[in-house]
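A.B. asks: Read top to bottom, the protein sequences are chains A and B. 112 is the number that UniProt numbering gives to position 112 of the first sequence; each next residue is one higher, with no gaps. 89 is the number that UniProt numbering gives to position 89 of the second sequence; each next residue is one higher, with no gaps.
Mixed in with the good hints there might be a few duds.
Some but not every residue of chain B turned toward chain A, in silico, with C-beta under 7 Å [to be verified]:
1. Asn5
2. Val9
3. Ile13
4. Phe24
5. Tyr68
6. Ala114
7. Asp133
8. Glu134
9. Gln141
10. Met146
Don't read these hints as lab results, they were simulated from the structure. Here a beta-carbon is modelled for each residue, glycine too, at the ideal position from N, C-alpha and C.
Number of protein chains: 2
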Amino acid sequence: MLENNVEQVRNKIVTEFAKTIEMFDLTPLEARLFAYLYLSEKALTLDEMSDALGKSKTSMSNSIRSLYDMNLVTLVWKKGVRKDLYQSNSQLFKLFMTTYINKWIDATNHQKDALTELEHNLSEYRNKPGKNDEWDKLTKQLDDIMEFHKKLDSFFREMK
Amino acid sequence: MLENNVEQVRNKIVTEFAKTIEMFDLTPLEARLFAYLYLSEKALTLDEMSDALGKSKTSMSNSIRSLYDMNLVTLVWKKGVRKDLYQSNSQLFKLFMTTYINKWIDATNHQKDALTELEHNLSEYRNKPGKNDEWDKLTKQLDDIMEFHKKLDSFFREMK
DNA sequence: AAGATTGTACAGAATAAACTGTACAAAAAA
DNA sequence: TTTTTTGTACAGTTTATTCTGTACAATCTT
Chain A
1 MLENNVEQVR NKIVTEFAKT IEMFDLTPLE ARLFAYLYLS EKALTLDEMS
51 DALGKSKTSM SNSIRSLYDM NLVTLVWKKG VRKDLYQSNS QLFKLFMTTY
101 INKWIDATNH QKDALTELEH NLSEYRNKPG KNDEWDKLTK QLDDIMEFHK
151 KLDSFFREMK
Chain B
1 MLENNVEQVR NKIVTEFAKT IEMFDLTPLE ARLFAYLYLS EKALTLDEMS
51 DALGKSKTSM SNSIRSLYDM NLVTLVWKKG VRKDLYQSNS QLFKLFMTTY
101 INKWIDATNH QKDALTELEH NLSEYRNKPG KNDEWDKLTK QLDDIMEFHK
151 KLDSFFREMK
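Throw the hints in and build the complete structure from the sequences for me.
C.D. replies: Here it is in structure tokens:
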């Protein structure tokens with residue numbers, strides 16, 4: 001009874017910690033998995049995770065892959081162990097922040113490219129006759145939106 | 001045919017702009033509504049929005065309410081007009097950033113409170129006999145997580 | 001006052017996301 | 001080689017989210 005308290009409290013911590021992690025655009029399961037891994041400290045196999053979180057192995061495979069791609073988790077090699085072992089990276093703040101900021105920068109640039117494309121379309125049409133005031137207005141607005149994206153980009157770049 | 005091009009290009013801009021806005025945790029519809037409103041410049045009624053986006057009036061009511069709560073949109077009064085008129089706020093960057101940053105700060109603090117609560121639980125149990133090394137370990141980990149939240153908090157506070 | 005109009009609550013329908021179980025390819029063990 | 005084990009692809013199911021239509025209270029018009 002008393003010894004269960006350790007597990008109970010640990011679970012509560014996992015739950016709360018996971019809520020925070022979700023804010024970095026991780027799914028609930030990914031977040032919980034990371035939180036659990038973080039408190040476990042040692043490297044775990046897919047089966048152990050599946051067991052611990054009560055979710056299917058497929059789910060674990062997908063979730064751990066996501067975490068791995070985000071660089072939140074590391075694949076660990078251990079002599080004599082055949083299964084893949086994954087371990088959470090430490091340095092929470094730096095880890096999540098750089099991942100998050102990079103995500104913003106990538107997305108922002110992608111959007112900037114798309115808008116640049118539209119700017120070209122727009123300037124082609126503009127040279128044709130008719131409706132020129134409407135085109136002017138639209139050009140001005142697109143500039144404003146572009147400016148917004150530029151600010152976003154440099155804002156997140158300065159964070160790094 | 002040519003005159004439709006204005007609408008076509010405008011729609012493409014709305015679509016791309018909306019994608020960016022979604023990154024600030026708005027739903028696709030909320031994002032598209034804001035983008036449309038932004039390009040419209042003038043204030044619009046629920047019916048006009050419903051018409052323009054091809055979505056139900058209920059959806060518009062809900063979405064505009066969200067935008068309003070986030071301070072992204074303003075209720076405008078116009079003489080002789082009975083319906084509610086909503087207009088997008090300008091100053092895109094400042095607008096979205098402050099909303100976003102405040103959201104992070106609020107969430108982070110909420111999480112900090114929850115963790116503090118857990119810290120208290122934990123220290124109560126610790127004084128009882130048995131399993132003290134496990135409690136120590138857990139305490140240490142909770143401290144780390146708390147530290148992470150403090151860093152998050154001050155990080156976003158410095159942005160304002 | 002009655003009649004009409006406007007915004008939203010609510011319940012259900014449509015759509016999207018998360019999750020599972022089976023099946024199988026790749027790699028290790030026998 | 002054959003047999004076993006491990007991770008993942010895929011299709012389908014479950015769960016959650018988004019969206020719609022009806023109904024109605026509040027407000028305006030007559």
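A.B. asks: It remains to establish, for every hint, whether it holds in the given structure.
C.D. replies: Now for the hints, and whether the structure bears them out:
1. Asn5: holds (5 Å)
2. Val9: holds (6 Å)
3. Ile13: Since the shortest Cβ distance to chain A is 6 Å, the answer is holds.
4. Phe24: violated (10 Å)
5. Tyr68: violated (21 Å)
6. Ala114: holds (5 Å)
7. Asp133: violated (10 Å)
8. Glu134: Holds, about 5 Å.
9. Gln141: holds (6 Å)
10. Met146: This interface hint is violated because 10 Å lies over the 7 Å limit.
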